[in-house]
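Here is what each chain is made of, one letter per residue.
There are 2 protein chains.
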Amino acid sequence: MCQLLGMNANTPTDVMFSFAGLAGRADEHKDGFGIAFFEDPGLRLFVDHHGARHSAIAELVKRYPIKSGNVIAHIRKATQGRVALQNTHPFVRELWGRYWAFAHNGDLKGFRPRLHGAFRPVGDTDSEHAFCWLMQELAKAHAAVPTALELSRTLAELCLAPAGHGSFNFLLSNGQAQWAHASTRLHWLERHHPFGAARLRDQDLSVDFGALTQASDRVALVATEPLTADEGWTAFAPGELRILRDGRSQPAV
Amino acid sequence: MCQLLGMNANTPTDVMFSFAGLAGRADEHKDGFGIAFFEDPGLRLFVDHHGARHSAIAELVKRYPIKSGNVIAHIRKATQGRVALQNTHPFVRELWGRYWAFAHNGDLKGFRPRLHGAFRPVGDTDSEHAFCWLMQELAKAHAAVPTALELSRTLAELCLAPAGHGSFNFLLSNGQAQWAHASTRLHWLERHHPFGAARLRDQDLSVDFGALTQASDRVALVATEPLTADEGWTAFAPGELRILRDGRSQPAV
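First to last, the protein sequences are chains D and Z.
Residues in the first sequence are numbered from 880 upward in steps of one, following our numbering.
Residues in the second sequence are numbered from 880 upward in steps of one, following our numbering.
Keep in mind that a hint or two might mislead.
Given that identical chains are not distinguished, each listed pair holds provided it fits within a single copy or across any two copies.
Claimed, not checked - The calculated SDA-like cross-link candidates involving lysine to any residue, where the alpha carbons are at most 20 Å apart (straight line), are:
id: 1; residue 1: Lys946; residue 2: Asp919
id: 2; residue 1: Lys1019; residue 2: Arg999
id: 3; residue 1: Lys941; residue 2: Gln1082
id: 4; residue 1: Lys941; residue 2: Lys1019
Quick caveat, the hints were computed from the structure, so don't treat them as lab data.
The following block holds chain D by itself, in its conformation from the complex (with noise of 0.2 Å):
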């Protein structure tokens, strides 16, 4: 299974412990992994279709404390869409002047809605044709960026149709907050002040993050699994969307 994993904070905050959970997860994943890195509104794009555990690009993501408010991982274990950097997830559009980035776990059989807007897939994966089809929908229902509610409140229609598909497990960002929906498999945690010491579940690697953090520093965090033993991952309920803003984690409508 493709192994998700994404971050929103009040404060520009690195990934580096939990990607490192992530791509330690990789055994299995060999068929590419990828992250976006927003600057709001700018954004960093990392794929790479060799495995997180083999990769140059990944290495250099452990190493490199690249400082976002939004990030968006995934690491691939292909079952649509050949091993190709064009079927590396995060997929991007812009949108509004605004770029988004879709990163997807799950099968969608049969979901192949017509594309008519201006969006097309370059890759032949389910995950972008439906992001593509997601952001079509999005240009259609409103004319220009709307408030995270009015978002929330399309997305969660939308989601309904490809989610009768398949499983649709997926995070979305356009830099100022991010959506998380679960059609199976997906966990939340939030981290704020007093910060404890956090141990990855399956790596020997630790953190104080007390020792890092502001006491007004707010994380919020979405992942497949659970990526450290001793915090309190929620699992989120079948069909939920949540909203990441401002480091907290909400449930979208």
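Here the structure of chain D is known, so what remains is to put chain Z in place on it, guided by the hints.
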């Protein structure tokens, strides 16, 4: 002045040598750099608003032999737009199910055509505005990816408007071919059998391409200034549009 570097090859080729030449000129260019590598039709884009001399990402690019058929690199000296990630070239958009990368060198005073299509700038440079306009006009002129000749004809017409507002030296690629337009300053070079040695003009670095190549390899390069001291670079004529394809540089129309 910003520096442009474009590479098109008939066999995927790395640009470590040429990029080292470009980055060596980055002393005056502290305002960011970017480089786009097509792996047809996938794309890797590395951007940083730190100068290429001190960027961890530039270090990665210099050491990591990413092989590509089309590369566009840009080192920025800000003239319009703040120093920020969203203002760093190359810019990328998707059209007709293909990624398009664009980098520009020059100043376009007062060229702000109306953007009524599906492409909006994320940053605030004249360059990204001109790119969005180019994409909008290409989308109107063709229903799907046209032949290289048809696209060249459309581009040649479109270039006239922005070129009337200042210097419009640019590189544009969709991974299948690359277009280079010069208003003021651009040079091109072809490398092919028999390959010789080349020495960077600004640094003590040489490469013997004969030892690294097959007889059938062909590479076409475009750069603001000739990168090497001992090869036959040709200056573009003012207003010249060339197409780089299969490692050859030819007049586009």
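Verification of the hints:
Proximity of Lys946 to Asp919 under the C-alpha cut-off of 20 Å is restricted to the intra-copy arrangement: shortest distance 11 Å within a copy versus 31 Å between copies. With identical chains, the CA atoms of Lys1019 and Arg999 are at most 20 Å apart both within one copy (15 Å) and between copies (16 Å). Taking the shortest alpha-carbon separations for Lys941 and Gln1082, only the intra-copy value of 14 Å comes in at or below 20 Å, while the best inter-copy value is 31 Å. In this assembly of identical chains, Lys941 and Lys1019 lie within 20 Å of each other by CA distance neither inside one copy nor across copies; the values are 39 Å within and 43 Å between.
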